[in-house]
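**Student:** For reference, the chains in residue letters:
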Amino acid sequence: MAARKPTDKTLGESLRERGVSRRGFLKFCAATASMMALPPSMAPAIAAALEKAKRPSVIWLSFQECTGCTESLTRSHAPTVEDLILDVISLDYHHTLQAAAGDAAEHAREQAMAANPGEYLVIVDGSIPGPDANPGFSTVAGHSNYAMLMETVENAAAVIAVGSCATFGGLPAANPNPTGAMSVMDLVKNKPVINVSGCPPIPMVITGVIAHYLTFGRLPELDAYNRPMAFFGQSIHDRCYRRPFYDKGLFAKTFDDEGARLGWCLYELGCKGPTTYNACATMRWNDGTSWPVEAGHPCLGCSEPKFWDAGGFYNAVSVPTSASGMNVLAAGAAGVVLGGAVAALAKKQTKAAVAHRQPVTVEELEAKL
Amino acid sequence: MSGSMEFLLWTKGPMFDIAIAIFAIGLLVRITEIFMLGRKKNFAEARAGEWGPGFRTMFTRTVADPGTFQRAPFNVVVGWVWHIGFLMALLLFLPHIALIESLTGLSWPALPNPVISLVTSVTLVALIATLVHRMTHPVKRRISTVEDYLVWAVVFAVVLTGWLAYYRLVNPYPLVLGMHILSAEIMLILLPFTKLTHIFTTFIARWYNGAAFGRKGVQS
Ligand code: SF4
Ligand code: SF4
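The listed protein sequences correspond, in order, to chains E and W. Each residue of the first sequence is one higher than the last, beginning at 3 in the working numbering. Each residue of the second sequence is one higher than the last, beginning at 958 in the working numbering.
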């Protein structure tokens, strides 16, 4: 896709051109309303707003990432309405998806920025080597990731960080973080940053955020980590269909025991659902087919900060991340030695006191008065 | 940026290491000291054995005698209730067992969560009752020290935050779970240096008493 000017066509027109039926479009609007926790009566309003919305220009920057987030978005089954929404937003620049390469590609980015100042959206996946890191750790067309990010967000309307690397640093920032990787919100301070975390995020959440922006012309309500409340407002555990088993105290102990077969809670197998905020339990994956806990695997907590450093994936939430039995043993041994020393000292002092005891007579005391 | 998840990971990582190290060193210092100081040698001829009466007293002193019960029924009943509640919540709640297993390799069956949450609620009420009693009872109030109130506050904080975390009454959840872990760590750190040490020394002291009684040939 060469430098394409954002067309004047509305979203509704573009969708119809691509053969999306009115019915399919309304279904998408109803789903969007429900996932944004809006009453179903809002669906027609959403439809009307989307129908008329202009295609926003979107620049997608990929930095230290694995392309999983783009895969999640583009492999979300046969073309869904969500895909099409993304198709018809004016995705002016996307390293992986665009046909242009080299100078032409960079030119497309610059043109999109120049044509829509203050209006374009920047989507970022991947973390960025910070300003103090070696800029050569990750470059695109000779620009360091940091320079490209800062230049591109300069005149953006908002930035959407997609995936846990862009939102929290993710795998590149995991201990010992060799590239000095940072998240978008660590670096971009003067623009609204919306975090769509997850490794990868649920495709519907990415499109949902864009749909929300197009519908209401403003950004959704965010939580303390800048994540849209509509999708990240509830924990996996609170919406997990295995929760009744947790509450009853019925836990699978291994992956193939009776409890696992009966679908009991996966807490003991390391499920991080209690501390993880994401929409998997309600929206599910692969077109709503299933989701990890339903498939019998504990939640890894992929949408939370530092999830790579948060202890073993198969350790229960209550298990400390670093202490080993050896530390405790060593501390205990040190304690025994110290205790012995303290006791020996006390004994010595007592003995010395007894040896040097100088009895006082009543006369001496009276003389002092 | 420091959020609730970072706080939780801090309590589960570095802070846990610090707390467990202070606890282990402190407790072993105290206990080694007690054992090494020992007792003055008793030159009198023993009238009976020490071990039997020692162990017997460990048990008999655990159950209050009728006289004590009549004089201080509140202390006995409420004391028992919250101690048992605390121990049950500590030792029979699945996440706690998973933690102990990760440190020691030992594990045992857990009680269903609703039972634990009920027990915890009762414990909370009993703990509040002990505080009210301490502050209103004329004698107790006068003999209470700052340490007594500190120890109460720490124990109460551990149970309360655990209860809040179980019912997920504070948002975001990592914050309340972190608060629970942190208060438990403060308790671990204070344990060797306050009256909380009794968790480990009570039974040693009772054994000593019983053994002394046994030697003298009096009832243990
Ligand atoms: S499987 Fe995980 S998310 Fe579901 S109830 Fe158990 S601990 Fe919670
Ligand atoms: S279930 Fe947990 S680990 Fe899996 S995708 Fe959802 S949030 Fe991430």
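One or more hints might be untrue.
As the list claims (entries may be wrong) - Capping the alpha-carbon separation at 16 Å, the derived lysine to aspartate or glutamate pairs in EDC-like fashion look like this: (1) W:LYS1152 <-> W:ASP1105; (2) E:LYS350 <-> W:GLU990; (3) E:LYS349 <-> W:GLU990; (4) E:LYS255 <-> W:GLU1058.
Stated by the list, open to error - Just the calculated beta-carbon pair ranges, DEER-fashion: (5) E:ARG245 <-> W:VAL1127: 51 to 59 Å; (6) W:PRO1030 <-> E:ALA336: 41 to 49 Å; (7) W:VAL1127 <-> E:GLU112: 43 to 51 Å; (8) W:ILE975 <-> E:SER43: 34 to 42 Å; (9) W:ILE1143 <-> E:LYS56: 55 to 63 Å; (10) W:LEU1107 <-> E:GLU153: 30 to 38 Å; (11) E:GLY314 <-> W:ILE1085: 46 to 54 Å; (12) E:GLY314 <-> W:VAL1103: 21 to 29 Å; (13) W:TRP1037 <-> E:SER292: 44 to 52 Å; (14) W:VAL1103 <-> E:THR363: 34 to 42 Å; (15) W:HIS1155 <-> E:ALA336: 18 to 26 Å; (16) W:GLY1024 <-> E:GLY314: 23 to 31 Å; (17) E:GLY265 <-> W:GLY1062: 23 to 31 Å.
Unchecked claim - Chain W residues, not near chain E, derived (Cβ > 12 Å throughout): (18) ARG1004; (19) ARG1013; (20) GLU1058; (21) LYS1097; (22) ALA1114; (23) ALA1122; (24) ARG1163.
Source of the hints: derived by calculation from the structure; they are not laboratory data. Keep in mind that this is a model prediction, so the values were computed, not measured. Quick reminder that beta carbons are idealized off the backbone N, C-alpha and C, glycines included.
**Student:** Indicate, hint by hint, whether the structure satisfies it.
**Tutor:** Tested hints:
{"no.": "1", "hint": "W:LYS1152 <-> W:ASP1105", "in the structure": "8 Å, holds"}
{"no.": "2", "hint": "E:LYS350 <-> W:GLU990", "in the structure": "13 Å, holds"}
{"no.": "3", "hint": "E:LYS349 <-> W:GLU990", "in the structure": "10 Å, holds"}
{"no.": "4", "hint": "E:LYS255 <-> W:GLU1058", "in the structure": "13 Å, holds"}
{"no.": "5", "hint": "E:ARG245 <-> W:VAL1127: 51 to 59 Å", "in the structure": "18 Å, violated"}
{"no.": "6", "hint": "W:PRO1030 <-> E:ALA336: 41 to 49 Å", "in the structure": "44 Å, holds"}
{"no.": "7", "hint": "W:VAL1127 <-> E:GLU112: 43 to 51 Å", "in the structure": "48 Å, holds"}
{"no.": "8", "hint": "W:ILE975 <-> E:SER43: 34 to 42 Å", "in the structure": "55 Å, violated"}
{"no.": "9", "hint": "W:ILE1143 <-> E:LYS56: 55 to 63 Å", "in the structure": "57 Å, holds"}
{"no.": "10", "hint": "W:LEU1107 <-> E:GLU153: 30 to 38 Å", "in the structure": "56 Å, violated"}
{"no.": "11", "hint": "E:GLY314 <-> W:ILE1085: 46 to 54 Å", "in the structure": "38 Å, violated"}
{"no.": "12", "hint": "E:GLY314 <-> W:VAL1103: 21 to 29 Å", "in the structure": "41 Å, violated"}
{"no.": "13", "hint": "W:TRP1037 <-> E:SER292: 44 to 52 Å", "in the structure": "49 Å, holds"}
{"no.": "14", "hint": "W:VAL1103 <-> E:THR363: 34 to 42 Å", "in the structure": "40 Å, holds"}
{"no.": "15", "hint": "W:HIS1155 <-> E:ALA336: 18 to 26 Å", "in the structure": "23 Å, holds"}
{"no.": "16", "hint": "W:GLY1024 <-> E:GLY314: 23 to 31 Å", "in the structure": "54 Å, violated"}
{"no.": "17", "hint": "E:GLY265 <-> W:GLY1062: 23 to 31 Å", "in the structure": "28 Å, holds"}
{"no.": "18", "hint": "ARG1004", "in the structure": "28 Å, holds"}
{"no.": "19", "hint": "ARG1013", "in the structure": "28 Å, holds"}
{"no.": "20", "hint": "GLU1058", "in the structure": "8 Å, violated"}
{"no.": "21", "hint": "LYS1097", "in the structure": "32 Å, holds"}
{"no.": "22", "hint": "ALA1114", "in the structure": "18 Å, holds"}
{"no.": "23", "hint": "ALA1122", "in the structure": "9 Å, violated"}
{"no.": "24", "hint": "ARG1163", "in the structure": "21 Å, holds"}
When held up to the earlier numbered hints, the structure conflicts with 5, 8, 10, 11, 12, 16, 20, 23 and fits the remainder.
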